[in-house]
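**Student:** The residues making up each chain are set out below.
Number of protein chains: 2
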Amino acid sequence: MGVMPQTPDSRGGILKFCNQCGSEVTLQVPEGDTLPRFVCTRCGTVHYQNPKIVAGCLPHWEGKVLLCRRAIEPRYGLWTLPAGFMENGETVQQAAARETREEALAEVAATSLYAVYSIPHISQVYMLFRAPLAAPAFGAGAESLDVALFELDRIPWDQLAFPVIKRVLEHYTTDLQRQRFEVHVGEILRPMGSAPPGRPPAST
Amino acid sequence: MGVMPQTPDSRGGILKFCNQCGSEVTLQVPEGDTLPRFVCTRCGTVHYQNPKIVAGCLPHWEGKVLLCRRAIEPRYGLWTLPAGFMENGETVQQAAARETREEALAEVAATSLYAVYSIPHISQVYMLFRAPLAAPAFGAGAESLDVALFELDRIPWDQLAFPVIKRVLEHYTTDLQRQRFEVHVGEILRPMGSAPPGRPPAST
Numbered sequence: 001m002g003v004m005p006q007t008p009d010s011r012g013g014i015l016k017f018c019n020q021c022g023s024e025v026t027l028q029v030p031e032g033d034t035l036p037r038f039v040c041t042r043c044g045t046v047h048y049q050n051p052k053i054v055a056g057c058l059p060h061w062e063g064k065v066l067l068c069r070r071a072i073e074p075r076y077g078l079w080t081l082p083a084g085f086m087e088n089g090e091t092v093q094q095a096a097a098r099e100t101r102e103e104a105l106a107e108v109a110a111t112s113l114y115a116v117y118s119i120p121h122i123s124q125v126y127m128l129f130r131a132p133l134a135a136p137a138f139g140a141g142a143e144s145l146d147v148a149l150f151e152l153d154r155i156p157w158d159q160l161a162f163p164v165i166k167r168v169l170e171h172y173t174t175d176l177q178r179q180r181f182e183v184h185v186g187e188i189l190r191p192m193g194s195a196p197p198g199r200p201p202a203s204t
Numbered sequence: 001m002g003v004m005p006q007t008p009d010s011r012g013g014i015l016k017f018c019n020q021c022g023s024e025v026t027l028q029v030p031e032g033d034t035l036p037r038f039v040c041t042r043c044g045t046v047h048y049q050n051p052k053i054v055a056g057c058l059p060h061w062e063g064k065v066l067l068c069r070r071a072i073e074p075r076y077g078l079w080t081l082p083a084g085f086m087e088n089g090e091t092v093q094q095a096a097a098r099e100t101r102e103e104a105l106a107e108v109a110a111t112s113l114y115a116v117y118s119i120p121h122i123s124q125v126y127m128l129f130r131a132p133l134a135a136p137a138f139g140a141g142a143e144s145l146d147v148a149l150f151e152l153d154r155i156p157w158d159q160l161a162f163p164v165i166k167r168v169l170e171h172y173t174t175d176l177q178r179q180r181f182e183v184h185v186g187e188i189l190r191p192m193g194s195a196p197p198g199r200p201p202a203s204t
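If you read the protein sequences in the order shown, they are chains A and B. Letter by letter, the first sequence follows residues 1 to 204 of my numbering. Letter by letter, the second sequence follows residues 1 to 204 of my numbering.
Think of the hints as simulated: they come from the structure by calculation, not from any bench. Since the structure is predicted, the reported quantities are computational estimates derived from the model, not experimental observations. Warning: the hint list may mix true and false statements.
[To be verified] Here are some chain B residues the structure puts well away from chain A; computed CB gaps all over 12 angstroms:
| # | residue |
| --- | --- |
| 1 | Ile53 |
| 2 | Ala55 |
| 3 | Arg75 |
| 4 | Phe150 |
| 5 | Pro163 |
| 6 | Lys166 |
| 7 | His171 |
| 8 | Asp175 |
| 9 | Arg178 |
| 10 | Glu182 |
[What the hints assert, rightly or not] Okay, the calculated bits of chain B under chain A, using three or more residues with CB under 8 angstroms as the criterion:
| # | region |
| --- | --- |
| 11 | 60-73 |
| 12 | 130-142 |
Glycine included, every Cβ here is placed at the ideal spot set by N, Cα and C.
With the hints as extra help, turn the sequences into a complete structure.
**Tutor:** Following this line, the structure appears as structure tokens:
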């Protein structure tokens, strides 16, 4: 077609070929739609791209919170809550518990929705749950260098992997002091003129 | 390759070709992964498939709720809350307000997270917000046959489009009576041995 496809969004990813028939795609606004999509030049399939859910837990035990030190990029070596991309066929709570099992080798006894944070510039929505551990048993999963329980006044604030994790741990510290927990809904916006915090640059 | 790809999940969609290089894909568990994914036989790109967020509002005005009668399949002619797939680059609240604008030609004055419902068999997560209308002004958008404010005792319970909509309106009726609103987290499971409620069968 000679038209160089561009991504509709800096984090959506550029598609070059139709995943149904293998022909080239072009970026265009389908009839009746309002946004540009990658559309197949042969079979007409419209390839929608949508935000992803990052589900995770804020696991806690006797006033301490469980953090994982990342063994993967981005932010290798920094601390985070166990969280990752939700998979098809599961509930958000199941995804959060699964990520905790995979990254921290820990079982949670329950899950209470605690934070819903949109990160529009990378098209992710974090959904984090307060989750008492079923037992003080944990360890480093394949994506973690280390997993540990932290007293709230020992949280490594300057070594946290992502702004959303810092924000949610701040909420937790405040809410625990006043013993009143609510669901926090918020957003992390990209700092003006800067690269996405803690994420690699957009690529294909 | 001779291997007929199958979908990793009944709602994930079957991929046949790589959207980066146009070669065939096969379904396999990538190294270090635990789930089957569509992987390109030539360039090795792993094509992840993840749940979609359906964002929407429960718009209200002077004790009444705003419902839309669907002008599209599935569930043409039945009533629903304004909601639709979240787009890249927006927050969940922006998506919910946008869908209300598009489907009900209405502006909301605010949004309070009200329900998070997973529907694992179709890999969707509904995120619905209580939203006072900015004014009692509304109309039928392109995807609606009709839009109307309903007193709670006049909700057309037997003509609602989707189980999740019925569930959330039930929560709202109860919560409004006791004047105490919380965030409802739940799930809609596929009835045993039945087709997905209100959704067309999985197809490519």
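**Student:** All hints, please: hold or fail.
**Tutor:** Do the hints match the structure? See the list:
1. Ile53: Nearest chain A Cβ is 6 angstroms from Ile53 of chain B, so the label is violated.
2. Ala55: Ala55 of chain B is in fact no farther than 12 angstroms from some Cβ atom of chain A, at 9 angstroms.
3. Arg75: About 19 angstroms separates Arg75 of chain B from the closest Cβ of chain A, which puts it past 12 angstroms; holds.
4. Phe150: Non-interface label on Phe150 of chain B holds, nearest chain A Cβ at 26 angstroms vs cutoff 12 angstroms.
5. Pro163: Non-interface label stands for Pro163 of chain B: nearest chain A Cβ at 15 angstroms, farther than 12 angstroms.
6. Lys166: Non-interface label on Lys166 of chain B holds, nearest chain A Cβ at 19 angstroms vs cutoff 12 angstroms.
7. His171: Its Cβ never comes within 12 angstroms of chain A, the nearest being 14 angstroms, so this holds.
8. Asp175: Per Cβ check, Asp175 of chain B is outside 12 angstroms of chain A; nearest 14 angstroms; holds.
9. Arg178: Per Cβ check, Arg178 of chain B is outside 12 angstroms of chain A; nearest 18 angstroms; holds.
10. Glu182: Violated, since 8 angstroms does not exceed 12 angstroms.
11. 60-73: violated (count 0)
12. 130-142: violated (count 1)
The earlier numbered hints that this structure contradicts are 1, 2, 10, 11 and 12.
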